[in-house]
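Trainee: Read off the chains here:
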Amino acid sequence: MPALALPDEVAAVLRGFYTCEVTTVNRQGEPITWPAVSYVDEDSGRIVCAVSIAFPVKAYNARRHPQVSLLYSDRTGSALVDPPAVLVQGTAEVEEVLEYRPDIIGLFRTVAHRQPDSARFSSNRVVRRLFSWYLFQRIALRVTPVRITTWPGGDFDLAPVVIEVGG
Amino acid sequence: MTDEGLLALAADYPSAVLSWVQPDGYPASVRCRVRRVASSDSFEFEALPGLAVARRGPACLLLHMHDEHLEGLRQMVLKGILGDGPAPTGWPVFTVSAVVTANGRPDTDRMPHAAAPLHMLQFFLLGRRQAQAYLRKRGSPWPPIPYDDIARAVRGDADVPSEGGG
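Protein chains in written order, with numbering that gives the first Met the number 0: chain A, 0 to 166; chain B, 0 to 165.
These are calculated hints, taken from the structure and not from any lab test. Hints are supplied without guarantee of correctness; some may be wrong.
[Unchecked claim] Label-pair ranges, simulated between beta-carbon atoms:
1) A/Gly15 to B/Thr88: 35 to 45 Å
2) B/Gly103 to A/Val126: 12 to 22 Å
3) A/Ser43 to B/Ala132: 26 to 36 Å
All values derive from a computational prediction rather than experimental measurement. C-beta: ideal position from N, C-alpha, C; glycine also.
Using the sequences and the hints given, assemble the complete structure.
Mentor: Written out as structure tokens, the structure is:
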């Protein structure tokens, strides 16, 4: 039994969409959204993404204001047919990636699979050291879902379906 | 090219992600189609999901796109305010207060890539400078990164490394 039990079509989106749109809230109470690759950690039921230490503002935001959201609304690259759009709202735990735990390796593996050029890029010993600030020196956001909202077929004009999953 | 140039690029995107903060503190987002009001800092919505219709206040529009190999990346964030549009409908209008590009550039929304080596170099210098600032603020060096162990684990032919080792 997975730690995050979801309808199959919703789970497929969380695992299959190449990117999601992550929103944090800044000190002024404004939302800031950026695209990210995410990874669902089956053991913990948390969704993981990470930012470079060169661009840490989103991590600072989530540390100060842990309520975040992830919208899965762009199916480009996924093989899914007529998938729903999915909004995950949850609480984020923010931590520098100093240990390369299974969820972080899972995230790296996901990026390498979806973006083959990045795998070639990071396999070069010189390049990976030059760009370690981008590739490896990262801050993880581990999101525990609280509420999930879905739009059938990705049609935002339809009434959404809300799934309370925790909190 | 200034913000005006970046705003003009918004027309390239078939849709945008609108985000706001709910009263319970959680942010929320929907995907929608937007249209810039000619020569202004405002965007109208061609249609707006029910979840967003009544929202007013601080908001942002994310514009991003990529191909099926996560290449051809373009993205920018428009920060601003959702306010009432003109009568009689009052349909909300998004007014831009700032444009933020992920590449740190004021002239393009394209992320650096190998075919544009000058952009790549500029992005490298920007990132390295900002990473050094982060590490100075952190006050202690980042532990050694076990590059080869990570690479083996990512390929799936080794256990996951748990600590830095050089």
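Trainee: For every hint, state whether the structure bears it out.
Mentor: Now the hints, each set against the structure:
Checked against the hint of 35 to 45 Å, the C-beta distance between glycine 15 of chain A and threonine 88 of chain B comes to roughly 38 Å, which is consistent with it. Restraint check, glycine 103 of chain B to valine 126 of chain A: a C-beta distance of roughly 20 Å satisfies the suggested window 12 to 22 Å. For the pair serine 43 of chain A and alanine 132 of chain B, the beta carbons lie near 32 Å from each other, so the given range of 26 to 36 Å is met.
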